[in-house]
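Protein chains in written order, with this note's numbering: chain L, 545 to 990; chain Y, 29 to 478.
Hints in this document: simulated from the structure, not taken from any laboratory. Ideal placement from N, C-alpha and C gives every residue a C-beta, glycine not left out. Mixed in with the good hints, there may be bad ones.
As the list claims (entries may be wrong) - 35 Å max Cα-Cα, derived DSBU-like pairs, lysine-lysine:
1. Y:Lys206 x L:Lys846
2. Y:Lys341 x L:Lys812
3. L:Lys863 x Y:Lys473
4. L:Lys963 x Y:Lys332
5. L:Lys956 x L:Lys914
6. L:Lys976 x Y:Lys318
7. L:Lys976 x Y:Lys332
8. L:Lys579 x L:Lys908
9. L:Lys862 x L:Lys846
10. L:Lys579 x L:Lys846
11. L:Lys956 x Y:Lys339
12. L:Lys976 x Y:Lys285
13. L:Lys963 x Y:Lys339
14. Y:Lys431 x L:Lys963
15. L:Lys970 x Y:Lys341
16. Y:Lys431 x Y:Lys339
17. Y:Lys431 x L:Lys846
18. Y:Lys431 x Y:Lys96
19. L:Lys908 x L:Lys748
20. L:Lys687 x L:Lys908
21. L:Lys914 x L:Lys807
22. Y:Lys332 x L:Lys932
23. Y:Lys206 x Y:Lys285
24. L:Lys846 x Y:Lys96
25. L:Lys687 x Y:Lys332
26. Y:Lys296 x Y:Lys285
27. Y:Lys285 x L:Lys579
28. L:Lys932 x L:Lys908
29. Y:Lys271 x Y:Lys285
30. Y:Lys273 x Y:Lys332
31. Y:Lys96 x L:Lys932
32. Y:Lys96 x Y:Lys459
Claimed, not checked - Which chain Y residues face chain L? A few, computed with CB under 7 Å, are given here:
33. Glu446
34. Gln467
35. Glu469
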Amino acid sequence: MRIAIAALLALAPLGAQTVAIQNATILTVTHGTIKGSILVRDGKIAEVGDKVMVPAGATVIDATGQYVIPGMVDAHTHIAADGGVNEGSISDSSMVDIRDVLNPEDIALYRALAGGETTIHILHGSANAVGGQCVTIKTRWGKDAQGLIFQGAPPGIKFALGENPKRSGNPTGRTATGAAPTARYPATRMGVEDTIRQAFTDAKAYQAEWNEYRAKVARGENAIPPRKDLRLEPLVEVLQGTRIVNCHGYRADELLMMLHVAKDFGFKIDLFVHCLEGYKIADEIAAQGAGVSTFSDWWIYKVEAADAIPYNAAILAKKGILVSLNSDDAELMRHMNIEAAKIMKYGGLSENDALAMVTLNPAKQLRVDKWVGSIDAGKDADLAIYDKYPLSASAKVLKVMIDGTVYFDRDKALADNIKAQQDRQKLIEKEKQNQTRQQPARRPTV
Amino acid sequence: MKLLGLLAGCALMAGAASNDTFLIRDADVYPVTGPMMQGVSVLVQDGKIADIGARLTAPKGIRIVEAKGLRVYPGMIDSATELGLQEIESVRETEDTGEIGQFMPQLRALAAVNPASEHFPVVRVNGITSVMTYPSSGSTGAGGGGGGRFGGGERQFISGQAALIHTDGWTWDDMAVKPYAALHLIFPAMPRAGRGGVTGNPDATPAAVAGGAAGGAAQARQAYQTQIDSINQFFDDARVYQKAKAANLPGFRTDLKFEAMIPVLDGKVPVAISASRASAIHDAVQFAGKQNIKIVILDPHDLKQVAAELKEKNIPVILGRVLALPEYEDDAYDSSHTLAAEAYRAGVKFALGTFGNEFVRNLPYEAAAAVAFGLPYDEALKAITINPAQIWGVADQVGSVEKGKWADLMITNGDPLEIQTQISHLYMKGKEVELTNRQIELYHKYLNRP
C-alpha cells in the first residue's frame with residue numbers, strides 16, 4: 545500500500561493533467577475508425593469512443609475535421625547517436641551500446657517528432673556482421689538522454705549481412721601512408737556466416753560455463769565464477785530471448801542463411817531490417833515466425849537493392865508475416881504516414897493494415913505493444929493529430945502528444961521559429977561588429 | 029462530293045489501323061491549363077490530340093476507350109533527373125553522368141541515354157511521361173564535385189547538354205522531346221563556414237574553391253570571383269568564336285565546345301544553373317544579365333532571399349524535393365516543404381524536380397506535400413505538367429490536354445497527387461504504354477510462388 549501511494553505521488557507532478565481531444569476522426573488501428581473523442585488522464589489513454597464524458601477542468605483540444613492516429617513507431621533509425629553508429633574496426637562488436645552515445649540535442653529527434661513519430665529504435669550501423677546493442681526511446685524532445693529512454697522496452701542488438709559487413713574485407717585505395725589497407729575479415733557472404741556462427745558458438749560455451757557455475761552454487765558447492773565477457777553477455781541474452789534481434793540483410797540467400805543460423809542456435813529474429821528480397825522467401829520467413837521491417841519503395845541504390853520491389857511489404861503481409869515500415873533515414877522518418885499509404889497502392893492492403901505497419905506492428909516487433917502502437921484505453925497517450933486524412937501526402941501533422949503531454953504543436957513551432965530566426969540574425973550582426981573591431985589585430989605581420 | 033467522302037473514309041481507315049489513333053469517351057478531362065471538362069471525349073489522331081468535346085462523333089471504325097467516371101490528365105514531367113544515364117548509383121560501370129573537364133558544353137546527355145534502363149518502366153507506370161536528364165548530377169547544387177563525378181580532376185562548371193526525353197522509346201532518338209533543352213552550369217559557391225566543405229555534397233571539399241576556407245574569407249572570396257571570371261571568359265571566348273564563324277574569317281577552325289555554345293548565346297537554349305545559396309543565385313542572375321542569356325535556376329534552397337530579383341527578371345526555378353531536410357539546424361522544420369508555396373507567393377515561375385533517379389516515381393507525391401504546406405492545389409499540378417513544359421520550351425507539344433499537342437495522357441480513377449489513385453491507361457505520343465515493369469513481374473511471380 546505504501547509503495548502504491550509513493551508511486552502515485554511520484555507520478556502526480558507530470559501526469560495529473562486531463563486532456564480531451566474532441567470531435568476527431570480516430571484511426572485506432574485495433575478497433576477501426578471512429579468519430580469521437582479521446583480522454584487522456586495521467587499520461588494514459590483513459591477512454592476512446594463516440595460518447596466520452598469530459599470531466600470538468602479537463603483541457604480540451606478541439607479536433608473538428610482533424611484525424612488522430614497512434615504516435616508512429618519506427619523500428620529502424622540511426623538518429624541521436626552522437627559520433628557515429630558503427631564500431632567498424634572489428635567484425636564482432638556486440639559489446640558496444642548505442643545507449644551510451646544517446647544525444648538528446650540531435651535536431652533529427654525534433655523533426656521526427658514533428659512528423660508524428662513517438663517511439664523509435666536506434667540501431668547500431670551495418671558495418672559489422674555482429675553489430676552493437678540498440679535502444680528504444682521516445683522522441684521526448686527537451687528531455688535529457690535518460691529521459692528519452694522507453695522504460696520497460698527490451699534492448700536490441702544488430703546483425704548485418706551482405707555488402708556492408710564484407711566491405712572492409714575488400715578495401716580500396718591507399719592509406720594515408722601510401723600502404724595498401726589491411727583487409728578485415730570477412731570479405732564474402734561466406735565469411736559473414738562464419739563470423740556470426742563463431743560468435744554464437746562462443747556465446748553458447750560462455751552460457752554453459754555460467755550455467756555450470758550457477759548449478760554448483762545452487763548445490764552449495766564452492767565455485768569460482770567465470771570471467772565476465774561483455775561481448776558475449778548480449779549474445780547470451782539473445783539465446784535467452786530477452787534481447788531483440790535486428791538483422792540487416794537484402795538478398796534472399798543471405799536472409800535464408802540467417803534463418804538457418806537462428807534455427808541452429810535456437811533464437812528468433814524479431815526484425816529482418818531492409819529485407820528487400822524478403823518477398824522471395826516469404827514462406828521460409830513465415831515458417832520461422834521472423835518479423836520484417838522494410839522500406840516502401842527504396843530500390844537500386846546498390847546492387848543488392850536492384851531486385852527491391854514496392855510490393856515487398858504487401859507480399860510478406862499476405863503470407864502472414866508481421867511487417868513494419870521503417871525509415872533508416874532522418875528525412876523519411878518525418879512522413880512515415882506517406883510510406884504506409886504507398887502499401888495501399890502497391891499491393892492493395894487495407895487502410896488499417898497499412899497504418900499498422902507504422903504503428904502497432906513495429907510496436908509488437910519491439911515488444912512495446914502493451915504500451916504503444918494503437919489508440920486503446922490503458923495505453924500511453926502517444927498520439928499524432930493531422931489536418932487531413934493521414935494516408936496521403938497532402939496531410940500534415942498539427943500536434944503530437946507523448947505520455948499525455950503535447951511535445952509538438954505546429955502553431956507554436958512556427959511562432960517559435962520566427963523568434964529563433966530573429967535571434968539568429970541578431971547574433972550574426974553582433975559577430976559582424978566583433979569582426980570589424982578585431983580586424984587590425986588579425987592583419988598579417990609580413 | 030461522293031469522292032471526297034470516300035477519300036475521307038480511306039484516311040480514317042488508315043488512321044484506325046495505326047495504334048496512335050483512338051477516342052477516349054466520356055471522361056472527366058483535367059487539361060491543367062483550363063477548368064475541368066466533365067464527361068467529354070478526347071480524339072487522338074496520329075499521336076496528337078485532334079479534338080476535345082462533349083459531342084464528338086467517333087470516326088467510323090476508330091478504337092474507343094471507355095472512360096466513364098475516369099479522369100484524363102496530361103502525363104507528368106520531372107525537371108531534374110539522370111534517367112538513362114545512371115542505373116545503379118554505387119556501380120561505376122552503370123554511371124554516365126559527371127564527365128571530367130571544366131567546360132564541356134559539347135557533351136550530350138541524350139546520346140548516352142540507355143532506353144533499356146529499368147528506371148523507365150518503373151517511373152512511367154506512375155504517370156511520368158517526360159523527364160529532363162542531366163549530364164551531371166543536378167543535385168550537387170551550389171558546390172559541385174571536384175572535376176567529374178568521380179573526382180580526380182578540376183572543378184567542373186559546364187557539364188554538358190541536358191535533354192528532355194519521353195520515358196518510352198526503342199531508341200534515344202525516339203525518346204527525344206528536345207535533345208538540347210538546356211546547358212547545365214554548376215555555379216561556384218563560397219565555402220560555408222562550419223559545414224566542412226562547399227555544400228552538403230559529400231564529394232565537395234574546401235579545396236573545391238581554390239584557396240578554400242583555410243586561406244581566410246578574403247582569399248576564398250577572391251577564389252570565388254576568379255571562378256566566376258573564368259566562366260565569363262569562356263562565354264566571351266565563345267562569342268568571339270561565333271563572330272569569327274559568322275564573318276567566315278580566314279583560318280577559322282571548328283571548335284566543338286564553342287559550337288555547342290552558339291544556341292545558348294543566341295538565346296535559343298537556356299542555361300540551367302545549379303545555385304542553391306542566395307549569394308550564388310544573385311551572382312548567377314548578374315552573370316546572366318551580363319552575358320545576355322536565358323537562365324533557369326536549379327535547386328534554389330535560399331529562394332526566399334532572392335525571390336524578388338528572380339521575379340523581376342522573369343527567371344524560372346526548378347525546386348528540389350519537397351520532402352527534404354531543412355538546410356540549417358535552426359531552420360523551420362518545414363522549410364523544404366514550404367519552398368514551393370514561397371515561390372508561388374513571390375510570383376516566381378517554378379517546376380519540381382526529384383534530383384536523382386530513385387524517387388522520380390514519387391513526383392506527384394512531392395507535389396502533394398507542397399499542397400499540404402500551403403501551395404494551392406492547381407499550382408502543384410502545374411508544377412509537374414505545364415510549367416516545366418513552358419520552362420523547357422515545349423509547351424506547344426506537351427504539358428496539358430489541349431488540341432494540337434502530343435497525346436501524352438494518363439487515365440486515372442482519381443486525383444493523381446493522391447497515393448492511392450491508380451492509373452489505368454498511359455499514352456505517349458498517342459501510343460499506349462503497357463503498365464508493367466520488372467517489379468510488377470516479380471510481384472506476381474513471388475506472390476504466386478508455389
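- prompt: Is Lys341 of chain Y within 35 Å of Lys812 of chain L, Cα to Cα?
  reply: 63 Å, violated
query: Within 35 Å, alpha carbon to alpha carbon, are Lys431 of chain Y and Lys96 of chain Y?
result: Holds, at about 21 Å.
message: Checking one constraint from the list: CA of Lys96 of chain Y to CA of Lys932 of chain L, max 35 Å. Satisfied?
response: Holds, at roughly 28 Å.
query: Lys956 of chain L and Lys914 of chain L: Cα distance at most 35 Å?
result: 31 Å, holds
Closest C-beta approach of Glu446 of chain Y to chain L relative to 7 Å, hint status: 6 Å, holds
- prompt: For the pair supplied as a hint, Lys976 of chain L and Lys332 of chain Y, is the alpha-carbon distance within the 35 Å limit?
  reply: 22 Å, holds
- request: Starting from Lys206 of chain Y, check that the Cα of Lys285 of chain Y is at most 35 Å away, please.
  value: 20 Å, holds
message: With the threshold set at 35 Å, check whether the alpha-carbon distance from Lys976 of chain L to Lys318 of chain Y stays at or below it.
response: 31 Å, holds
- prompt: Within 35 Å, alpha carbon to alpha carbon, are Lys862 of chain L and Lys846 of chain L?
  reply: Holds: Lys862 of chain L and Lys846 of chain L sit about 27 Å apart, inside 35 Å.
message: Does Lys748 of chain L sit within 35 Å of Lys908 of chain L, going by the straight-line distance between their CA atoms?
response: 27 Å, holds
task: For the pair supplied as a hint, Lys956 of chain L and Lys339 of chain Y, confirm whether the alpha-carbon distance does not exceed 35 Å.
output: 31 Å, holds
- prompt: Between Lys970 of chain L and Lys341 of chain Y, does the CA-CA distance stay at or below 35 Å?
  reply: 31 Å, holds
In terms of the numbered hints stated before, the structure departs from hints 2, 10, 12, 14, 17, 24, 27, 30 and 35, listed from lowest to highest.
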